[in-house]
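The primary structure of each chain is shown beneath.
Protein chains: 2
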Amino acid sequence: MTPTTARLSDADLAAIDAWWRAANYLTAGQIYLMGNPMLREPLRPEHIKPRLLGHWGTSPGLNLLWAHLNRVIIARDLDVLFVTGPGHGGPAILANTWLEGTYSQVYPEVGRDEAGMGRLFRRFSFPGGVPSHVAPETPGSIHEGGELGYSLAHAYGAAFDNPGLTVACVIGDGEAETGPLAASWLSQRFLDPRTDGAVLPILHLNGYKIANPAVLARIPDEDLLSLMRGHGFDPIEVEGCTPQDVHRELAAALDRAFDRLSEIRWWAGASGHRPRPPMIVLRTPKGWTGPVEVDGVPVENTFRAHQVPLPGVRENPAHLAQLEAWLRSYGPEELFGPDAHHGRLIPARPMSANPRANGGALLRPLALPPLEPYAVAVEEPGASDVEGTRPAGEWLRDVIAANPENFRLFGPDEVASNRLGAVFEVTDRRFNAAIVPGDDHLAPDGRVMEVLSEHLCQGWLEGYLLTGRHGLFTSYEAFIHIVDSMFNQHAKWLKSTLDIPWRRPIASLNYLLSSHVWRQDHNGFSHQDPGFIDHVVNKKAEVIRVYLPPDANTLLSTMDHCLASRHYVNVIVAGKQPQPAWLSLEDARDHCRRGVGIWEWASNDEGEPDVVMACAGDVPTLETLAAVGILRAHVPGLRVRVVNVVDLMRLEPDSEHPHGMPDAQFDALFTTDKPVVFAYHGYPWLIHRLTYRRTNHDNIHVRGYKEEGTTTTPFDMVMLNDLDRFHLVMDVIDRVPGLAVREAALRQRMYDARQRARAYTREHGEDAPEIKDWRWTP
Amino acid sequence: MTPTTARLSDADLAAIDAWWRAANYLTAGQIYLMGNPMLREPLRPEHIKPRLLGHWGTSPGLNLLWAHLNRVIIARDLDVLFVTGPGHGGPAILANTWLEGTYSQVYPEVGRDEAGMGRLFRRFSFPGGVPSHVAPETPGSIHEGGELGYSLAHAYGAAFDNPGLTVACVIGDGEAETGPLAASWLSQRFLDPRTDGAVLPILHLNGYKIANPAVLARIPDEDLLSLMRGHGFDPIEVEGCTPQDVHRELAAALDRAFDRLSEIRWWAGASGHRPRPPMIVLRTPKGWTGPVEVDGVPVENTFRAHQVPLPGVRENPAHLAQLEAWLRSYGPEELFGPDAHHGRLIPARPMSANPRANGGALLRPLALPPLEPYAVAVEEPGASDVEGTRPAGEWLRDVIAANPENFRLFGPDEVASNRLGAVFEVTDRRFNAAIVPGDDHLAPDGRVMEVLSEHLCQGWLEGYLLTGRHGLFTSYEAFIHIVDSMFNQHAKWLKSTLDIPWRRPIASLNYLLSSHVWRQDHNGFSHQDPGFIDHVVNKKAEVIRVYLPPDANTLLSTMDHCLASRHYVNVIVAGKQPQPAWLSLEDARDHCRRGVGIWEWASNDEGEPDVVMACAGDVPTLETLAAVGILRAHVPGLRVRVVNVVDLMRLEPDSEHPHGMPDAQFDALFTTDKPVVFAYHGYPWLIHRLTYRRTNHDNIHVRGYKEEGTTTTPFDMVMLNDLDRFHLVMDVIDRVPGLAVREAALRQRMYDARQRARAYTREHGEDAPEIKDWRWTP
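Going line by line, the protein sequences match chains A and B.
Per full-length UniProt numbering, the very first residue in the first sequence carries number 1; after that it's consecutive.
Per full-length UniProt numbering, the very first residue in the second sequence carries number 1; after that it's consecutive.
Chain A extracted, bound-state conformation:
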């Protein structure tokens, strides 16, 4: 059953070499040429692009791997997805997709002929054309390789629940120095060969970065092999600078690797010795086959080959001649002539057309259970306390059960502590290292992915979503900043794909941030940071959404909405601690549908408020309702309107965000001239940023987190940031005309209550029982 490894035939060798040379020619052509693509005439300056952009250095290695993988794919009828870690090698990947014909299928204006070749060259890194890196525009890709660090995590995410698929992941030796990549080697300990696909990491050591050698290319060989063995792999080394030798070695290495992957597939599920997965270490010269020297300085196999090896081609006749000689060295007329024989290396299932790389086209909607059985019964708003995430956990349990192979839950180590533990009634935590008695819901095929690396959680989830599946990432609010930059890149990917017709919308990337700033009182200042929301709203309005459900049923409704949505990043912030349930499921759904609304049952303004008490977030809602309770009990004539915001983007004008409100609607809610006291979950200035264009903006007074905190009690935390009920009452008294004088005594009582609460906490180490007397009364 195991395919046997034969010596590379001369015909295969010739075809591989031809493919490689063709791809190298096409790569250099994209970097340099805007005319004369086949060199039918002598090269002249006007054929050269005015701005020479692109990365030559990494490209020959990528082309080499693509050619060789094609041979293996054909010989073994494999389903392979290619992930390009060194994504700067964009022209190389484009060259291969064009050779396979996929590029012309996707972009019919760029045919698989000489005119098409000219267009392929011209549009690369050209205004109005395509980016210089592997990008969303690149067929067959799920990975923009610009930032570096995420290729291997993406590869594993793509392999999960895709048995039969092999993800060939090229890792550059520069990328290998990054933290996220260094952690990604652990992914192998979370892959189940029975139910997942395989990942073949290919560490490409071409030795240099922009100006420096790569560290892994310079450590002793025994150290490098130890490292890979330590990560659980069986490394296979290929090294050389003579093409024919490297072709033979690499072909043998790939045969060994795929033999081993077959063994593992056969082993899977059986007992006995588990074969170690293979990985390949490939050492070839940077900028291989390019200019050896330029102006007397070595270029090939040095850092100088990183980008454009011959810079002054338009102005410098010697450079122009050197470029022409270099390009002609590949023999374009032979390569692209009638006798071209690299065509036999086009597989029936080419990597450039792997359907997994356009995950949206494969996307199956999630089966989402109706919410009713999970909802909390609410007789009267605020009458009873519920752990907000617990019903969501029960619902997620049934989402997992109803969607085998199509949904996973990701997080550092907090599913249970975030009160989502119900999911363990139907599945386990994924683990593929030793499992011992006493371990809690740990299994090789669990659907809960817990690893103490936000980078891995995010990278795996992205790979999973981009290949057409669904997922949820739950984490600490403060530490989600660890993946700020990964979020950026994913949001940019989503934004770019909106303009690419052949890319179909994928499932949204959903964050549930349950351990949030107001309930990190026990961990202290280092765990208190609500700024991820601010980071997210900098990205394009079309692809980002932020939700702050105030209670258990609104959280359920929000989750249901987010998991059904497409092509967004949804950020949900909702605490796991017991908190009042305000809305019945029906009311919650209604509220979520509108995103923002007046809570009539808490208001007494009859359309003519003296003050608007706005709130967004569970803790701010709790404090606001308590303040409203105090005001209504102690300032009887005061007309208070309560506005709750669950969909933060509703606050923006509709010209700025698809969820934004027209001015008339905003004015109807927040008035045009009455004071608004706004209790907000995060940094207060975000509310100003979202509302500065509104008529009543000057009257909006926002309380939120102002970067004050420590290890203390929950109520002390809100007091430290002036978000507490007492301070909100004082804010109203200070802002509603006439109240300052009339309610001076109440203001003093509030001030005293704060002082007493502070002192009590410092003496007794817990919140004063008295606080509970100042509350919302249903």
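Honestly, I wouldn't trust all of these hints.
Identical copies carry no separate label here, and so any pair may be met within one copy or between two of them.
Claimed, not checked - In silico EDC-like pairs for lysine to aspartate or glutamate, Cα to Cα no more than 20 Å straight-line:
#	residue 1	residue 2
1	K674	E606
2	K772	D499
3	K772	D385
4	K674	D663
5	K495	E708
6	K772	E380
7	K540	D722
8	K540	E656
9	K706	D499
10	K706	D654
11	K706	E656
12	K540	E708
13	K706	E542
14	K495	D722
15	K772	D428
16	K674	E608
17	K540	E263
18	K772	E249
19	K706	D534
In case anyone wonders, no lab produced these hints; they're calculated from the structure.
Based on these hints, arrange chain B on the given structure of chain A.
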């Protein structure tokens, strides 16, 4: 010369065990007790804290290591700094600092006696007390261990340029899963044993995280050892659960490790075989010596020992009794009685009082060369172009030369490409792996730290600064988001230390972001993100500063100011591309001193502007001045005022930021009623956020980056975001009363010029020469 390793004496063994038990007692006492610290009376519920907070699980391992390191420090007269990766083990570290007497020196109210012990217990994780983690408040620490991931990078940063120092770095097996930690093992390849101190990594495998096993504790032993060898270390294993055996093994392991470190010190500089540095793998039970079972469920050596192993002590008499038995098992009366013999383990130079941990107290000011020799001559503003960072590079070269052992430059791989290459005239890139002919300025003792990991650059620099030195981090603007969360933690550390009198201010953390959003046109969308500024300004105003120098001399002056400053995070964004020099050094200094000012030479308003053209950032300044040139040439009667902002925080009210302007000053610059067209480097809404309280806010119209970009030309990039000179002129015409009608023809010309520029770029692949005709004319 090498200290010989002797068998552990019985006296040493007894002292170590006593220290360990004492520290364990003090750890548990901090978690539980608010009275009866020495258990002089039977334990009652009122002795127990109402909120039980703290992490027991990791603490016995930390205490064990501290006790053993003390023996070695005394025996060998060592200078050791302790870095606590599992920083949740705060009570353990506090216990050891109290045992050494340092805690009482720093906090005299907490004496080294029974009353002091009571205060030590009570204040831990208590409102008004100290945080639950290792934190700035902890003597001897440079590392807040809450977020996890940065311990080893901090350790290496502390060791750089500190020959004679050994940094013992405990890495938790949870932390070991994070990306930054996984990359940090590479640090050893950047340490020079001749001029740097040593780092002894101690990987502590207690096996569990919150609910999961730790991956590295569950992979095959041979894999783990391979991994450590692959990172270049010689691992020494210690494993056990019988205290006496572990004491003997660990003592021998530490002796071996320090013998090896001595060998390396002797070897350093000599030729011949280089000894491999040691590291220790320590396997001991999680929550060792704590409750074995609680309510019939195993706790010791399981994930259940992670935080508070006995939860219900105040309410549950059985738990209370179990706690009392546990605490008494250590023998507090013997441990803290007159015959206590752990006292002999207090070293003359205790780790808790290592002066390096209070780096501000050791800080030597940098010798900063006068700027004059580096300044660009400016006869007329904007008459000539200069690469903005090149003079800064020459100045940095001389900063490096003048401050050996006190300053380093950090960055992923971009010092040369950021035009700072002059530094290589006096130093090299640091590298401690193989160096081969053709490498460019690579040496084991270079002072430029380049590694393709922003996490490592940031972590090393933090460790270097926190131990009393200076540095600069230069990076891509978009990818500095990779360290958003590390920046958060450092800014929180700085904010917290402002309130700790014994902590002295340290050198500022300086970022120079030279490859910025407007000059990533060749890399494309993935490299375009100016949001780090937005992220930074969420942190406390007292510790953050943002500078946008518009040209070479203002950059010089800004760098000079930042490198001399203390206890800030300074973010400088300034491009490396050729750009006009606007100000002479004298004018630049003056402008930087004020932070914002009217450029009289570009204005013609004579105190009565029709429009204010404001700009912040080099590219926005270039476009603004070009627009002003157009307006002054074509709309002669128009009175234009040009305001340039170099210190962004000047825009905030003085009530919000120490650099903020009073309203009167703001109004004098920006008027109270005239249109302001503000060209800003980053996301435009930040300017609104900073100015929404100002009188004239409704008239401020901001252009900036609105998340549009691709691989194109520089001018096309500004056009894509409506920040170009033509659009700015149109904005003025649209906003100044009367101009829309009068200057309709000019507006149309601007519109046409944009259209032509766009079309030219798409056809020719470069910016239209015509653009240069529409410019600022000196």
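Practice prompt. Taking the numbered hints from earlier one at a time, note which ones the structure violates and give those numbers from smallest to largest.
Written response: Hint check: 2, 15, 17, 18 fail, others pass.
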